[in-house]
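Novice: Residues per chain, in single letters:
2 protein chains.
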Amino acid sequence: MSATHKAEAKPPMRDALVAAAFRLFLERGYEQTTVDDIVALAGVGRRSFFRYFPSKEDVVFPDHERCLADMTAFLAASGKEHEPVRRVCDAARLVLLMYAENPSFSVQRYRLTKQVPGLRAYELSVVWRYERALAEYLRGRFTGRPDGNLHADVIAAAVVAAHNNALRSWLRSAGQGDASTTVDHALGYVQSAFGAPPTASTASTSTAATARPVFPSLPMPPADEMPDDVVEVVSRRGAPLWRVVQEIEMTLGRD
Amino acid sequence: MSATHKAEAKPPMRDALVAAAFRLFLERGYEQTTVDDIVALAGVGRRSFFRYFPSKEDVVFPDHERCLADMTAFLAASGKEHEPVRRVCDAARLVLLMYAENPSFSVQRYRLTKQVPGLRAYELSVVWRYERALAEYLRGRFTGRPDGNLHADVIAAAVVAAHNNALRSWLRSAGQGDASTTVDHALGYVQSAFGAPPTASTASTSTAATARPVFPSLPMPPADEMPDDVVEVVSRRGAPLWRVVQEIEMTLGRD
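Quick mapping for you: the protein sequence lines, in order, are chains A and B. Residue 266 is where the first sequence ends in the numbering used here, and the numbering goes up by one at each step. Residue 266 is where the second sequence ends in the numbering used here, and the numbering goes up by one at each step.
Isolated chain A (complex conformation) (with noise of 0.2 Å):
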């Protein structure tokens, strides 16, 4: 709780610098953006700057690193119970839900990305990665089994590509009605195909404001057991980010 509050009085830095970065972003473009108008912006160094973000890239995408964490613990706290198509397709809805948390900063960066043919690219790497720990957890899960690995590495690509098309569906209509609604769907389709039975899935309900409690099996453990980093995550998780991207688009006096 103490970190939320941190977080509602002051962003922290990391969440200045996307602030800083992003307002730039949009004002500017984002090739004539440079990292030192950036801390120039946030008030703080370079060093600061390179902290937080390995290139000028990351602060576009501050939070897949995040995700792809609490995915890959979302995986290896699976056990024998869980059915492996239906779990991967669990586990692909934590990406959305990181994308509906924040609904205009992810539509702004849809937009930009789709502009900027580096950071197409940088999202096309970010991609692969999810489709990498999604089939490394099938073919963990698939080990002995003919064609264990070809199952595996076909069925993650369905998965992405099933959820991708829902979430840029999604971000193609400015972040407007349910994401979860859509991409559940799409995952449906999936498990249909490769024999998972499609079900009313356990988001099916969520919408993006209360998105996170449908995972109760995500391995996120009470908020006084957390080390200090994950403290940090939930700050992130909360208002901070879009209250400052909503300041932008005020200043700006977007949509």
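Hints were generated in silico from the structure; no laboratory data involved. Quantities reported herein were computed from a predicted structural model and do not represent experimental measurements. Heads up, some of the hints might be wrong.
No copy labels: a pair is met if it fits in one copy or bridges any two.
Claimed, not checked - Taking lysine to any residue pairs in the SDA-like style, the calculated list, with each CA pair at most 25 Å apart, reads:
| hint | residue 1 | residue 2 |
| --- | --- | --- |
| 1 | K125 | S136 |
| 2 | K125 | T83 |
| 3 | K67 | H196 |
| 4 | K125 | A185 |
| 5 | K125 | M109 |
| 6 | K125 | G151 |
| 7 | K125 | D158 |
Chain B: place on chain A using the hints.
Specialist: Showing chain B alone in chain A's frame:
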């Protein structure tokens, strides 16, 4: 025929640049080789290099643009009589064919790509373009079908994943064995998952050396109807690049 003859008499400049580049990449490493080094070894000017290749990365993948064009033409030449899932599987086999034409070159490149993150990123962007070509074709065929775009995207991703799983197995085996059989088996899994009855593929008896004739429906015009640039393609499909690669291998004393 005359183009093939010309190519055998003297490798075209484009092939000479590829050969010089790979010789230097193997000797010095990719990062340590500049475009200036490549053109010096090939005995041409910088402008000649950039006439063929937009960047140093492009010389590593000299045949993907041609293969993408072949794939697009192959899909564009499809009719209603072609079952769509089987058709995209056949289209994917064109990529295998490109790799299987020059096993030594393909294996060298596979090893190089694994070592250089920038090349890996480049490869992901190429894979993405193949996947989009397949998906766009399927979207057209599934127009009016409920969830047509979703199904198209998922099937295209599954086809690419199955193809690449088989291709990587073959590359890891240093290009030994019958790549076509492995890929046919992998694509059969996708066909069975998405409702297209898996059949003995048209390519199932092919080998790298005889792979070309197994695509009777590939829309290649007779040689005397080909525009000049297509003739160039034919010369590149022939022996010269093989021979150049063998020369490199002999010079370097590698297997």
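Novice: A separate judgement is required for each hint: does it hold in the structure or not?
Specialist: Results of checking the hints against the structure:
Proximity of K125 and S136 under a CA criterion of 25 Å is satisfied in both settings, with 15 Å inside one chain copy and 14 Å between copies. Proximity of K125 and T83 under a CA criterion of 25 Å is satisfied inter-copy only: 23 Å between copies versus 28 Å inside one chain copy. In this homomeric assembly, K67 and H196 never come within 25 Å of each other (Cα to Cα): the closest approach is 35 Å inside a single copy and 43 Å across copies. Taking identical chains as interchangeable, the C-alpha atoms of K125 and A185 lie at most 25 Å apart only when both belong to the same chain, with a minimum of 14 Å there against 38 Å between chains.
In this assembly of identical chains, K125 and M109 lie within 25 Å of each other by CA distance solely inside one copy; the values are 19 Å within and 30 Å between copies. For a Cα distance limit of 25 Å, the shortest separation of K125 from G151 across copies, 23 Å, qualifies, whereas the shortest one inside one copy, 35 Å, does not. Only between protomers do K125 and D158 lie at most 25 Å apart by alpha-carbon distance; the minimum there is 24 Å, versus 37 Å within a single protomer.
Violated hint: 3 only; the structure is consistent with all others.
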